[in-house]
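Each chain, letter by letter, is given below.
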Amino acid sequence: AQSVSQHNHHVILSEAASLELGCNYSYGGTVNLFWYVQYPGQHLQLLLKYFSGDPLVKGIKGFEAEFIKSKFSFNLRKPSVQWSDTAEYFCAVRGNQGGKLIFGQGTELSVKP
Amino acid sequence: NAGVMQNPRHLVRRRGQEARLRCSPMKGHSHVYWYRQLPEEGLKFMVYLQKENIIDESGMPKERFSAEFPKEGPSILRIQQVVRGDSAAYFCASSPGEVSSYNEQFFGPGTRLTVL
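Protein sequence lines correspond, in order, to chains A and B.
To convert a position in the first sequence, counted from 1, into the numbering used here, add 53.
To convert a position in the second sequence, counted from 1, into the numbering used here, add 118.
To be clear, the hints were calculated from the coordinates, so they are not data collected in a lab.
A couple of the hints might just be wrong.
Pairs of lysine-lysine residues, derived as BS3-like cross-links and limited to a Cα-Cα distance of at most 27 Å, are as follows [what the hints assert, rightly or not]: (1) A/Lys122 / A/Lys111; (2) B/Lys162 / A/Lys102; (3) A/Lys124 / B/Lys145; (4) A/Lys102 / B/Lys145; (5) A/Lys165 / A/Lys122; (6) B/Lys162 / A/Lys122.
A quick note: this is a predicted structure, and the numbers were derived from the prediction, not measured.
Make a model of the complete structure from these sequences and hints.
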């Protein structure tokens, strides 16, 4: 069965610190990979996605993620976080035939000013 | 272009009552997905529907839960005889009609169900 694992449940950083959130998945075939963000009181928004091609994907608000097929990983990074990045971050995977997303448990990021 | 709409945003029910959650997809979208987020957990897939068809209901509990997406009107997630364990946030997402691996899902704001 497909599954997604996010290593950190809660991350606390100071502004300007660098961020890396881990995400590993288990799925035997070709996958589509996503990172979603949920700001307090808001709905999920897509940060970035990987379908094929360049494994380094750039998203909105300065976020990027790298797909490493050999490690089944899709880690999210940002060089310098801001207080406004405080949110919950979800990694998700989908088989390439479309359909349901499988989500990780989520990582709550708190950025201190 | 309005996004995915869900109503109500908050719903309180007593044990044994019925809960009906509505989802209106984005304009032009004919695929709807329902997910449930239990406290301290990530989103779990429940059901995937196209107009008048259930495509994948592998995440739906076997009893008390049903979903529909009629030709006209919103998609409905129905929970009969609710129990405290049904308390969660229920999210709906929609995607365009063409089945393609390039389609992303757009999420609604969710309905927070509280069962007393």
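(request) Return the numbers of the hints above that this structure violates; sort them in rising order. (result) 3, 5
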